[in-house]
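Work out the full structure, taking the sequences as your base and the hints as a guide.
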Amino acid sequence: MLSYAVRGLTRRHGVGGHSVLANDRIDLDVRQGEVFGVLGPNGAGKTTLVRQLMGLLRPDAGTITMFGRDVRAAPDLPARLAGYLGQDDLALAELPVATAVATTARMRGVPRAAVREVRDAILDELGLTAVADRPLARLSGGQRRLACVATALVGDRPVLVLDEPTTGLDPVARRAVWGALQRRRDAAGTTVVLITHNVLEAESVLDRVAVLESGRVIACDTPGQLKASVSGDVRLDLAWRHEPPADDPTVAMLAGLATTNGRRWTVRLDPATAREALGRLTTGAALAALDDFSLATPSLEDVYLTLGGASRDLERT
Amino acid sequence: MTIVPDARDAPAILAALQPAPSLEPSSEPSLEPSLESTSGLSLESSLESTSGPSTVPLPLPIPMPARLGPPKMPLATRFGTAFGAVYRGQLARSKVGRIPLLFVASFQSIGILVLLRGILDVDNTTAAGQVVAGSTVLVVAFVALNLLAQRFGALRAAGALDYYLTLPIPPAAVVLGTAASYATFAAPGTVITAVLGALLYNLPITGLWLLLPVVVLSGVCLAGLGAVVGLLAPRPELATIAGQLGMSIVLFLGVIPADRLPEIGRVARDVLPSSYAVDALAAAFQPGVDWSKVVLDLAVCAAVGIAALAVAAVTLRRVGTS
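As you go down the protein sequences, you meet chains A and B in turn. For reference, each letter of the first sequence is one residue, going 1 to 317 in the UniProt record's numbering. For reference, each letter of the second sequence is one residue, going 1 to 322 in the UniProt record's numbering.
In case anyone wonders, no lab produced these hints; they're calculated from the structure. Just so it is clear, the structure is predicted and the values come from calculations on it, not from any experiment. A couple of the hints might just be wrong.
Calculated Cβ distances over 12 Å to all of chain B for the following chain A residues [unchecked claim]:
#, residue
1, HIS18
2, VAL20
3, ARG25
4, ASP27
5, ALA73
6, ASP88
7, LEU92
8, ALA130
9, ALA152
10, ASP156
11, VAL161
12, SER214
In the SDA-like style, the derived pairs of lysine to any residue whose C-alpha atoms are separated by at most 20 Å in a straight line are [said to hold, decoys possible]:
#, chain 1, residue 1, chain 2, residue 2
13, B, LYS72, A, GLY109
14, B, LYS72, A, ALA288
15, B, LYS72, A, ASP186
16, B, LYS293, B, ARG266
17, B, LYS72, A, ARG208
18, B, LYS72, A, ARG31
19, B, LYS72, A, PRO111
20, B, LYS72, A, ASP60
21, B, LYS72, A, GLY68
22, B, LYS72, A, MET1
23, B, LYS293, B, ALA258
24, B, LYS72, A, GLU301
25, B, LYS293, B, THR184
26, B, LYS293, B, ALA187
27, B, LYS72, A, ARG134
28, B, LYS293, B, LYS72
29, B, LYS72, A, THR306
30, B, LYS72, A, ALA296
31, B, LYS72, A, ALA188
32, B, LYS293, B, VAL216
33, B, LYS293, B, PRO257
Cβ coordinates follow ideal geometry from the N, Cα and C atoms, glycine included.
See the structure below:
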């Protein structure tokens, strides 16, 4: 069963000469019970896509069905089936965390008698119990975002649509969110559609990922398959303490291949060459200049760049 | 950089890396973490390690649950439940910042009462009754038109209407729930204004129970209008200005006795729904109350109120989903 089937979805923002094609003939299938990611740089059309999935924007062309039913014929479907986390939280800003969660639960039809239990469970799950009585506006940015995630998750919808749920969260909170999503997926078969521009998040929690660039889906597969499809190369990152010896043959070879960012070099090489080069560097004269290095298989960022993605604002951590 | 990694350990690390079975990217994705961990310095991994991966294990791809049927369709939430939840949430919002508003709303009306006391002939109970009723309805207008227009204007500008529009609730519950929470703070102000006015102008207070239906119905009416104004305003500043303008109109047309208005003023007064609330309440201060007229006035208020609320609900959906 497909939670979402999107066909030919097209949406333009603005009119005339200043209009932007935010979504351009997007086709997507989101299977029930998967964590599906939308990865892309700022301005790729990710938010436009999920706002259409939630019925907040009307497509110019194309169709969206949820569990086989056309969303345009039944505009109340997304609100009933999906919990949504948007980018702005002004509606909740002045509410204490516990009240925001409890009233949202009521609005999703949680019975009055069960609200307290449901509320406390989610606050505990996301580590918000200590700040339950404080208004969202008085929390740190990360905790505030986490409280909004709690309101999106409460009430156990079969689908969750989350616009950058972990932006601004510290690693502990981020893992708490990932864990909460995974638990719902495993226990109840919840479908999760989440936007991210964080490569680490995409690689560690997503079952499948669609890579968006300028309103188009340029790739859609599991993170592993995407990475395997683009290249057999590995990435060697080097950071130099000071200028490396230019006469060192290994350094000269790498310098010719590297993309540099100050004293940080990134080189894409086949695995054997990379291992050899690193071996020579760390045993030779260049070692004195070497500050840091890492060797890694291709990341989704490499996938994005290889597929023709132009933007550099994907996050790695 | 504060942490200086010892790159001299690199050969040892590299040696440990050597027996790694494969660097082929086609191998299992789980290989990558082990590769990453061989980096000389991984700020990322040192950060991540503070998160205590043991408390919440990093979720790795888990086999999907077998064969799921279509989910049970959750029901839309009933109006009463949604109204209650919006009301409770908005009330919690206001605990800190809204108390001063209570004073502002009634001081303004009390000020007008005192001011006109010096001008008006107190023996004219018709005019006196209307001044008191007009001032009382002004408290409602302040909250419903002015504050609600501001609130919805701000929500629209921030894109925060998404929160309500993605919940399975009737939009009218959002408008009415928000209005009711503001009204909770305005209610004492209407009582104070009406009682103080009756005392100042020597009017009977036996008919003051009419205050309840008048405040509720004019509240629904003006709240609906206030929400529409706020939602339609292209910028939040315009919503504020429009709300204040609306309040001023209610003030002038409500407080100035109808027989002293010019012709155009009387027409405007007949169009303005709050006038009917003022008339109904003004009747309560008169010796002989024409009940059929009071009921008719209140019925007009109720009808306009329902219409305004319906328009506000449609506007909320229309503006929020473009």
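Item to check | Hint check against the structure, violated hint numbers in rising order | outcome: 6, 7, 9, 10, 11, 14, 17, 20, 24, 25, 26, 27, 28, 29 and 30
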